[in-house]
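Top to bottom, those sequences are chains Y and H.
Residue numbering for the first sequence follows UniProt numbering, starting at 1 and increasing by one per position.
Residue numbering for the second sequence follows UniProt numbering, starting at 1 and increasing by one per position.
To be clear, the hints were calculated from the coordinates, so they are not data collected in a lab.
Each hint can be trusted.
Simulated crosslink set (EDC-like; lysine to aspartate or glutamate; CA at most 20 Å straight-line): (1) 206/Y <-> 115/Y; (2) 319/Y <-> 203/Y; (3) 129/H <-> 318/Y; (4) 206/Y <-> 318/Y; (5) 267/H <-> 296/Y; (6) 129/H <-> 115/Y; (7) 142/Y <-> 242/Y; (8) 348/H <-> 5/H; (9) 267/H <-> 134/Y; (10) 267/H <-> 248/Y; (11) 350/H <-> 5/H; (12) 169/Y <-> 242/Y; (13) 129/H <-> 217/H; (14) 350/H <-> 336/H; (15) 142/Y <-> 71/Y.
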Amino acid sequence: MLYNIFIDPFVQMVQMPDLLVQTLWEGLVSGVLYALIALGFVLIFKASGVFNFAQGIMVVFSALTLVGFYEKFSAAGFSGHAAAFVALILTAGVMFVLAMLVERVVLRPLVNQPDIILFMATFGITYVLIGLGEMVFGGDPKQMITSELFLPSGSVDVEMLGGLVSFQKIDIAAAIIASAMIVGLALFFQKTRIGRALRAVADSHKAALSVGISLNQIWVIVWFAAGLVALVTGIMWGARSDVSFALEIVALKALPVLVLGGLTSVPGAIVGGLIIGIGEKLGEFYWGPLLGGGIESWFAYAIALLFLLYRPQGLFGDKIIERI
Amino acid sequence: MFYRETGQFKQSYAADQAVFPILQDRLGLAAILLVAFVVVPLFGNEFLLASVMVPFLILSLGAIGLNILVGYTGLLSLGSAAFMGVGAYAAYKLSTIFPGVNILVWILCSGFFAAGIGVLFGLPSLRIKGFYLAVATLAAQFFLQWCFVRISWLYNDNPSGAIEVPARTLFGLAITGPSATPVTRYLVVLVIVVVMTLLASNIVHGRIGRTWMAVRDMDIAAQLMGIRLLPAKLLAFAVSSFYCGVSGALMVFLWLGAAEPSAFDIKLSFLLLFMVIIGGLGSMIGSFFGAALIHILPIVIRGLPEALGLPIAAATVEHLTYLIVGALIIFFLIVEPHGLARLWQIAKQKLRVWPFPY
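The shape of chain Y in the complex, shown without the other chains (with noise of 0.2 Å):
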């Protein structure tokens, strides 16, 4: 028993190191879409210390909006590439009305208020998404159109290690995409106006306030800029398996990124997805047949308690310095 848990999984790690690449690069692949859902919650809790859970609802809803827009344009026999961007410049309009509405109606008067009712408050704001997102656009998957959106698909086979490693060609465009936008974030939080804006809301509202930021403005952008990531998410994640409810579950797999890497730290969030993909990966392929399967669903929770007991404020947070 001990055998099988410490050392033979190693052991078959050694001795197929093409289905070891395999799993790390799944694992990969995973983890990067886990740390843009996780990317989304942390753009909005460093600026507005909202804990917000609607990031995964945002997430389906964007990719619905654009599969629903693109089939709009096709219906009425506009389609091809063009239609395609056209609809994700109408869908990026349309999570920055999102993001103008949750400011004004349920931001603005909430403000000051814990913590606790905040998160409960985009609880509402998933329960609104999911009932508009299902009315609109019906209950069923849908196709995500990847094609018309230059976004490649079949797969490349690499023969290395003695064995066959495919590559899902969606997977490499999602890594190298995901990659560019944290770039662009960084860039976009470090050597613009806004984003030195930001960073200010991020160390302290009122100090911010009173060097003439405008919270609520802040607000707005950072929801829009949160709304963007969900959509890439969506794209990418659509582009993967349908598009459908479905991933709701799956954005929840993104708090345990979240707390592993630190609910304020972007690079954390993006270690910390990397770390929870390949874990879960890996534990799944390797450990998971001593405990009967399906051990995902909560592996990646276990990892993330793991890491917390280690160091309670995940791995890169800003200490937490209690005063009296």
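Fit chain H to the supplied structure of chain Y, relying on the hints for placement.
Positioned in the frame of chain Y, the structure of chain H alone reads:
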């Protein structure tokens, strides 16, 4: 006008510190109990008893359990449904292994199993706080739910993977299983819920409750005042899980009749959290308000189009329900972030000083 303490003189400290110091409050409570025990079973139809009142009471009990943890001790938990599941599965196993013992004994005993598991998953709470703890409790939620699916011993290797409630009797009356009438089930649930609410009310108003509230308001300060954090927090986890466990056992035995592991999924955890927050954190009556709102509101919304004769498809109604419930959650939070219990308090205060504003 009628609701004020004028002329009610207290002659002892005990009377002054009573939970309900005002006579009208006590009368109101007695009236509610009278309605619940006599009027509802006599005049309620089957739908009201079986689909509205029984679930409402059971969910209230679960909400009280969660409220002890979140509202009184300040430990955010998203795993309450899993603890309900532990209670349900424990009651099922116990009642099938020892069929001779009365089922009510096992329903109450199942709470202790839930409490044990709760303490185990509460251990990290000493180190982890806030939202980080919420995610730690999610580990409990998903791990326990996985156990309910994978460990076939828990459901006696039933091929469908569900637990089915055996028929059991109390004083010759069937209280569980298909032959139990809604009235008996309602009364059994009502008695358990009333007794356990009373118990919880006494716990939170006593020394233990004050310890919990001190921990909630600031745990370091509480520690400096001589409260040992680990026992206090673990006790909160134990009591909370006990209530959730009993509520879960009741849910399967007296409401659903059979349950699959998916009955205890994350949605139920969120639902309980809604009830606690909408009802009012740190309030017994708030747990009932929250359960009433969250459970009964969708039933009303679903029934409304039919009652009004509006031709709306069932699917649309379902989506509208989501939309309206979500909007109402936001609305209630904006109107009164401290929950319905606070609204109730404000209303009572206004009545007390009427016709003056204060």
